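Residue numbers (our numbering), protein chains in the order written: chain A, 229 to 518; chain B, 1182 to 1381.
Just so you know, the hints here were simulated from the structure itself, not pulled from any lab data. Since the structure is predicted, the reported quantities are computational estimates derived from the model, not experimental observations. Keep in mind that a hint or two might mislead.
Heads up, simulated DSS-like pairs for lysine-lysine below, C-alpha to C-alpha not over 25 Å straight-line [as the list claims (entries may be wrong)]:
no.	chain 1	residue 1	chain 2	residue 2
1	A	K516	B	K1228
2	B	K1228	A	K413
3	A	K330	B	K1228
4	A	K330	A	K423
5	A	K496	A	K506
6	A	K516	A	K496
7	A	K330	A	K467
8	A	K413	A	K467
9	A	K506	A	K284
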Amino acid sequence: MVVPVSDGQSLPGPPLAYNSDLERLEIELLLEGVYRHYGFDFRSYAYASIRRRLWKRVEGEGLTTISELQARILHDPDAMERLLLDLSVNVTAMFRDPSFYKEFRERIIPLLRTYPFLRIWHAGCSTGEEVFSMAILLEEEGLYDRARLYATDINDVVLQRARQGIFPLDRMQEYTENYLRAGGKRSFSEYYTAKYDGALFNSALTRNIVFSQHNLVTDRSFAEFHVIFCRNVLIYFDKALQNRVHSLFYGSLVMFGVLALGSKESLKFSQYEPCYEKISQSEKLYRKVR
Amino acid sequence: MAASPGVGYDLVVVGTSWGGLAALRTLVSGLPDSFQMAVTIVQHRHKDSDHLLRTLLQERSSLVVCEVEDKMPLEHGHIYVAPPDYHTLVEPGHFSLSTDAPVRYSRPSIDVTFSSAADSYTHRTVGVVLTGANADGADGLRRISDRGGLALVQDPETAESKPMPEAARRAVPRARVMPLGGIIDYLSSLPAGVPEREDA
């Protein structure tokens, strides 16, 4: 069996002779330029992943250096839009990590029943898959009518997509399996209508969702929440920025409010660990206790 | 020996897919208790896999085996397993995770981990490609080699599945090709550094 040696296309990166100090300088200059010209602050993003995403954009634009990309982005707002998508889209799925949603249903829902009104923040909601998942879960638990879900993202394009509530039809089999393993109580297909290659979700699900643009790096808190979801968003930030965002979350949660992180994220490496207690051994669910 | 005087290696990155579990169990059981480098293992597996791989490896090793979490520090003499459904990126002194799209249908992608290791640890990196049924790891191993790191490939004739080590050997002609036992002995004989501490 012959396995083709790759042409290098799948692994965007600097040319062999590239000097890594020079590369870092170019990346810092580009991010500084983006911040000062467009106001988007990616300067404290995790270096290895932003580097990877920048090289993908270099390749996508048919360029060869980060400096060339900088010139194009500063002079061409459309190129900035494309970069913004590259840098801010968080690939996710409905009921991603079904065991997380199952645990949420079993451990957190009983706590939430004690509140007359619920404010829930999905920080960095991207295209909205997990917000719709939570709306479905709350609906099935009879809590949706006293809840308001604030779904925010830095990127207006993905928010528009989230608002439409249309997800790719070819993912529905996977999402159905996730839903069932997450403890779903109905038939998943009740929630959407198939149209061409999209699944349009029942508009009743969005009745208590507020979508709005919010930048975790530069914007402040806008309410007090009972639950904050921020799953697989902070992984793109460096440790200093993670701590700043944790400070924002800490200040935005009611006492005993719940913080939900991605399954491979941990408060262990942040300064805020002492302020929370773990609610679950297996899932990243924390409660603010001080 | 590959290492010039005074040069040590900090990090070993290992990539494998089909047949990987048996090979990895042999590899980790063969590393001495005094092994100083940080070992990062990327094994292709289903996105819903649990902690079983970590447990099975820990059973065979006296070194600490951890599944990577975001921003986990790299410590010498530890073995790290890349979690399913994320890419594991190596930064100087710690890991970062990403949910970017799969690369060649794989997440974790061996190429992504290898190339970030090459960029962060350059000539202090050892890349090891073991048994596997696709070509992931070949580009990343070349990046490690190009940055002055060391490239090791399991002899395809001794691998449970040949395509992955064959592709790696083709991509990095100067890679050292040897059976698993030879890789264990070779790694054990290399001079080790200690992963650099982070500035922050």
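Hinted pair K413/A and K467/A, Cα distance within 25 Å: violated, 39 Å
Holds or violated: K506/A to K284/A, with C-alpha atoms at most 25 Å apart: violated, 38 Å
Satisfaction of hint between K1228/B and K516/A, Cα-Cα up to 25 Å: With Cα atoms ~30 Å apart, K516/A and K1228/B exceed 25 Å; violated.
Straight-line alpha-carbon gap K516/A to K496/A, limit 25 Å: holds, 14 Å
Satisfaction of hint between K467/A and K330/A, Cα-Cα up to 25 Å: Violated, because 29 Å separates the two Cα atoms, which is more than 25 Å.
25 Å limit on alpha-carbon distance, applied to hinted pair K330/A and K423/A: Between K330/A and K423/A the Cα gap is close to 29 Å, so the pair fails against 25 Å, i.e. violated.
Pairwise hint evaluation, K1228/B against K330/A, where the allowed Cα distance is 25 Å at most: holds, 17 Å
Given hint K506/A paired with K496/A - CA-CA distance at most 25 Å: Given that 25 Å is the threshold and the Cα spacing comes to 11 Å, the pair holds.
Agreement of K1228/B and K413/A with the hint, judged by alpha carbon distance not exceeding 25 Å: holds, 24 Å
Of the numbered hints listed earlier, those contradicted by the structure are 1, 4, 7, 8 and 9.
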